[in-house]
Amino acid sequence: MNPDWLSYGPLMLRAAGLTLWLSWLAMLIGALGGTGIAFLRTSRFRGLRLLALLYTEFFRSVPILIVMFFCYFGVPLVFGFDVSSFAAATIALALHASSTMSEVVRAGIESVGRGQWEAAQAAGMDRVQVMRYIVGPQAIRVVLPPSVGVFITTLKESSLASIIGFIELTKTGLLVRESTDGGLVPLLALAALYFIINYAISLVGGRLERRFHIGSRSDLVGAMG
Amino acid sequence: MGYTFTLRTIYPYLGELGHAAWLTLSLSLLSIGLSLIVGAGVAVLRRSRSRLLRALGTAYVEVMRNTPLLVILYIIYFAGPGLGLRLSSFAAAVIGLSLNSAGYMAEILRAGLIAISAGQFEAADAQGFSRLQTFRYIIFPQVFRTIYAPLGNQIIAVILASSLASAVAVDEVTAWMQTTGSTSFRFFETFVVAAIVYLVLCQLVNLGRLALGRLLFRQGESLR
Amino acid sequence: MSPVLTLDGVVKRFGARTILDGISMDVSPGEIVCFVGPSGTGKSTLLRCVNGLEALQGGRIIFEGRNVHESARSIADVRKRVGMIFQHFNLYPHLTALENVMLAPVIVHKEAKPAVEERARALFDKVRLSHRINAYPAQLSGGEQQRVAIARALAANPHLLMFDEPTSALDPETVGDVLAVMRDLAEEGRTMLVVTHEIRFAVDVGTRMVFMDQGKIVEDSDPKEMLANARTDRARQFLSSIRG
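Protein chains in written order, with our numbering: chain A, 38 to 262; chain B, 375 to 598; chain C, 2 to 245.
Just chain A, same shape as in the assembly (with noise of 0.2 Å):
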């Protein structure tokens, strides 16, 4: 007996879209965390600078996964209050894609060159305005490419959402395939969506990249997620 599997279609894209909608958020999130954090690491204060770094060295060096149960499990225990599922999974995928773009970000505001605080300065603008109108919009072009790898990157890890319960995507692919007495069809039709969803990101991230002649995704290396 073969289940008419057209039929999950709109349910899978209607969990697709709030996969979506759940790493959009998050990495919207994480973009302006990320961006202040960079902006500690550079501080002109020891403290604050340590703290970013301490920042950044733990989400980089724990499971996004350990984090989403704490945020999910414990917070609840250790503070009182209720967090649903969606909130424990955006605010983990938010806290790491934070600390991937605070780097992110401190590496675009480095690559604009030393010469051009310098003129703007000396044109008598401060910190803020030379940020704003000057640095700003050149550090922005070569922090856009890697942000979609970031994306790309939050978006495998918001499948992860589907263990602590969170009915996104993953979460509903398992649940039809129970359904349909089990069978690969659910879970390869999860693989196909997802592949599709983001290689066609990645796509739009490399016509960025050619754009703004800025070479490499940074998730090139391994965040599996």
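What the hints contain is simulated information worked out from the structure, not anything from laboratory work.
Since the model is a prediction, treat every value here as computed from it, not as a measurement.
C-beta: ideal position from N, C-alpha, C; glycine also.
Keep in mind that a hint or two might mislead.
[Said to hold, decoys possible] Cβ-Cβ distance ranges computed for the label pairs, FRET-style:
(1) A/Gly-150 x B/Pro-386: 54 to 60 Å
(2) A/Asp-163 x B/Val-418: 32 to 38 Å
(3) B/Ala-414 x C/Ala-139: 23 to 29 Å
(4) A/Arg-169 x B/Gly-415: 49 to 55 Å
(5) B/Phe-591 x C/Pro-30: 32 to 38 Å
(6) C/Lys-111 x B/Val-418: 26 to 32 Å
(7) C/Ala-139 x A/Glu-94: 28 to 34 Å
(8) C/Lys-111 x B/Ile-570: 38 to 44 Å
(9) B/Leu-573 x A/Gly-150: 49 to 55 Å
Based on the hints, put chains B and C in the right spot on chain A.
Positioned in the frame of chain A, the structure of chains B and C alone reads:
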């Protein structure tokens, strides 16, 4: 706030942690080794003269880069019985982790190979080195230097990715955190301990590669 | 005296393009043959055919009585007795200058390390780089690298030395150092094939100049003769354009 961080509460569970840490370690080491071998194979494919083989290699890398590891693990875990194999969760996890990591290893190795100028092969040929000798004395040392840093990062990535094995019933460190946390309700403590284990593993890799690097590489400062 | 090297109707094609179109010539021991001509006319390819880096589509190359391209074995044997110096040096960057020179004799010729090291140090004296034997290629200038490359080729006791545009990638100041070493080698009586644009060197040191154009040998005579009195128009045109 009624929660006090008390490490003592999970002491009884630390025994199991030892076993779990061992699983994490063996899972990671096996996967790193296997993924290097498979990755090398894929890297060779991508440099083949046959268009079909090159496309196959590229397809492999793209699939592994764009599909979540969790999905790959589920596919292998659930596909096993279907294919008639009785795959243990550990084996399924190793296979999934290795196949995924191999995609990244292939890219790392390919970058290392591309960095070798064609002239190196020519000079070696002209001097009469056999293919094996050329690879062993001239090509491999140079490739190794190029891939050293990304390789170290990939090793760390595999160690962290091993946490996903908990999703396919392997009792490694992350599973320990979950199980111990749910039985003792001490999620904060288990989180901290699990984090420490991973932190230690990653820092060991970092220290190791720094030390090894200092030992092996003495190419001198460039004149230009 | 029988020739060291004989080219007999050598044909080399890359796809549809014919790079070498029936090259025939002999080289006797002690000759310093300089190949000149416009870029892309197959001069470098010719050298690369002699030691099997390129395969032939027609003709034969006989080195010391042996057909070079007969088998993998014959190519391997030829490579042990022919030294090649490249335009871009091609030193092994992960090894010191001394290690670069010693590697092939030890690994390919399977000689004992102490004897090879002694010979290598003597060669460094010869190319006047004894003070740089422990430097890595990245720490050496272009001219120094090329001299190390020459020492590397000499370490295998070659019966024939081939130079593929040895000074084309060098700063003008260091060209002289390398040419001086090559002159010394010529005076020792070595057999040398040199692809070069240094007409001055060809005239001063070379015993024979071969002008090639479009895959064929157009003229082959004494360098001073050809410079003063080229027999063919193309040779004359080329030589006068070089002297500028």
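Here is what the structure says about each hint:
1. A hinted range of 54 to 60 Å holds for the C-beta pair A/Gly-150 and B/Pro-386, which are about 58 Å apart.
2. A beta carbon spacing of about 56 Å between A/Asp-163 and B/Val-418 contradicts the range 32 to 38 Å that was offered as a hint.
3. One distance hint, 23 to 29 Å for the beta-carbon pair B/Ala-414 and C/Ala-139, holds here, with the actual separation near 27 Å.
4. At about 50 Å, the beta-carbon gap between A/Arg-169 and B/Gly-415 stays in the expected band of 49 to 55 Å.
5. At roughly 45 Å, the beta carbons of B/Phe-591 and C/Pro-30 sit outside the given window of 32 to 38 Å.
6. For C/Lys-111 paired with B/Val-418, a C-beta distance near 29 Å keeps the hint of 26 to 32 Å intact.
7. Our hint of 28 to 34 Å for C/Ala-139 and A/Glu-94 holds, since their Cβ atoms are close to 32 Å apart.
8. Checked against the hint of 38 to 44 Å, the pair C/Lys-111 and B/Ile-570 fails, with Cβ atoms roughly 53 Å apart.
9. Look at B/Leu-573 against A/Gly-150: about 36 Å separates their beta carbons, and that is not inside 49 to 55 Å.
Consistency note: the structure conflicts with the earlier hints numbered 2, 5, 8 and 9.
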